[in-house]
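Line order of the protein sequences matches chains A and B. Note that this note's numbering has the first sequence beginning at 1, numbered continuously upward. Note that this note's numbering has the second sequence beginning at 1001, numbered continuously upward.
These aren't lab readings, by the way, just hints derived from the structure by calculation. Please note that the accuracy of each hint is not assured.
Claimed, not checked - When the alpha-carbon atoms are kept at most 20 Å apart in a straight line, the in silico SDA-like pairs for lysine to any residue are as follows:
1. Lys-59(A) <-> Ser-11(A)
2. Lys-3(A) <-> Glu-14(A)
3. Lys-64(A) <-> Arg-1126(B)
4. Lys-59(A) <-> Lys-1021(B)
5. Lys-59(A) <-> Asn-1124(B)
6. Lys-1104(B) <-> Leu-22(A)
7. Lys-1104(B) <-> Glu-14(A)
8. Lys-64(A) <-> Lys-1014(B)
9. Lys-17(A) <-> Lys-1195(B)
10. Lys-1104(B) <-> Pro-78(A)
11. Lys-64(A) <-> Ser-87(A)
12. Lys-1014(B) <-> Gly-1030(B)
13. Lys-17(A) <-> Glu-1010(B)
14. Lys-64(A) <-> His-1059(B)
15. Lys-17(A) <-> Ser-1080(B)
16. Lys-1014(B) <-> Ser-11(A)
17. Lys-64(A) <-> Ser-1080(B)
18. Lys-1014(B) <-> Ser-87(A)
19. Lys-17(A) <-> Lys-1014(B)
20. Lys-17(A) <-> Gly-1029(B)
21. Lys-1195(B) <-> Glu-1058(B)
22. Lys-17(A) <-> Glu-1058(B)
23. Lys-1021(B) <-> Lys-3(A)
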Amino acid sequence: MDKTEILIVCSHDEILKTIVRLINSNTSMRGTGANTLEQALTLFKSTSFQLVLIGAGLKLEEEKELIENLNQLQHKVPIVQHYGGGSGLLLTEIYEALGNNTQLY
Amino acid sequence: MAQSILHTAESRDKSDHGWLKSYHTFSFGGNYYPERIQFGALRVLNDDWVKGGMGFGEHPHDNMEIISIPLSGSLQHEDSMNNVAVIESGEIQVMSAGTGIYHKEFNKNADEPAEFLQIWLFPNQRNVAPRYQQQRYSDDISTNKFKQILSPDSNDSGVWIYQDAWFSIAEFDQETTSTYTLKNKANGLYIFMIKGSAKFSEQALNERDGFGIWDIDNVVIKAFKGSKILLMEVPMNY
């Protein structure tokens, strides 16, 4: 079974590692982390992601630029803000976003 | 017209890790219940029991307003902002996780359990500088009367957070009828029965029940003897 590819963008390195680890502990998902806007866009061009989670630390302008660029590249990928920085809300955020399968921005 | 939702104590999700027993009013951790995600900005209401000497090892948080209200026992808190503190029943603690914070929390007593409510609200701003605050509310609380313990305003009563939310708590030693008027009519009120029983605009609640109500101006509360109630006014759109 193909894994659900999830891109996590978060400038807080330790929290990014935690979120990637949590996602990868689920056998049906694969998380890839980016801690800058540029890195996120590069990864997005090379991998077919099903979901993008925006974590902590990006400036508001960077978040807007990221969303605009991602929308231009692939309109149907849900982009959601991640809250909590750990396991508490993560799976619900993912299931809600993938279940809705709608553009949230 | 008033709208409401009832979450009985028995309907909550339970996780049992031996050292930690937790009842989740809303979806949390590995359990996903699409019909139980949140009540407005109120996203987490966990009713936790922690075995003596045990606790949560170091773990991160970001972009969340995290409120702890101990019900019994005491918890030792340490975080990446160099806060070291003990919180106990009669106190409230808040962490605005913002851009990121690490913390750990342990039951300070080796031989007795601790119980506390862990409450998370979505913030009204992302990526704020993390902050920590702790306050004792029980010293100047009047029995049979609600006391505000949290607000969005640092100059108001109680601790403050980055959200337009107000919490109040009360303990009753006699049957008492009172009215809670919402600060903001666009908000909803989530009631958690810590102890005993009460009626809220004809809705009867028992221990550990939760009841959310919105599209209202105020709520009439009939609290029965021996009850303890937490009121959480939160934005429904945030």
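Straight-line Cα separation of Lys-17(A) and Lys-1014(B) no greater than 20 Å? violated (28 Å)
Given pair status - Ser-11(A), Lys-1014(B), alpha carbons within 20 Å: violated (34 Å)
Do the alpha carbons of Lys-17(A) and Glu-1058(B) lie within 20 Å of each other, as the hint requires? Holds: Lys-17(A) and Glu-1058(B) sit about 14 Å apart, inside 20 Å.
For the pair we were handed, Lys-1014(B) and Ser-87(A), check the Cα-Cα distance against 20 Å. holds (16 Å)
Pairwise hint evaluation, Lys-1021(B) against Lys-59(A), where the allowed Cα distance is 20 Å at most: violated (38 Å)
Restraint status (C-alpha distance of Lys-17(A) to Gly-1029(B) at most 20 Å): holds (18 Å)
Pairwise hint evaluation, Glu-1058(B) against Lys-1195(B), where the allowed Cα distance is 20 Å at most: Violated: Lys-1195(B) and Glu-1058(B) sit about 31 Å apart, past 20 Å.
Would the hint linking Lys-1104(B) and Glu-14(A) be met if the CA-CA limit is 20 Å? Distance of about 15 Å is within 20 Å: holds.
For the pair supplied as a hint, Lys-59(A) and Ser-11(A), is the alpha-carbon distance within the 20 Å limit? The hint holds at about 10 Å.
Would the hint linking Lys-64(A) and His-1059(B) be met if the CA-CA limit is 20 Å? violated (29 Å)
Are Lys-64(A) and Arg-1126(B) close enough, with their CA atoms no more than 20 Å apart? Holds, at roughly 13 Å.
Mind checking the alpha carbons of Lys-1104(B) and Leu-22(A) for me, to see if they're no more than 20 Å apart? Distance ~18 Å between Lys-1104(B) and Leu-22(A) Cα, so the pair holds.
Checked against the numbered hints given earlier, the structure breaks hints 2, 4, 8, 9, 10, 11, 13, 14, 16, 17, 19, 21 and 23 and satisfies all the rest.
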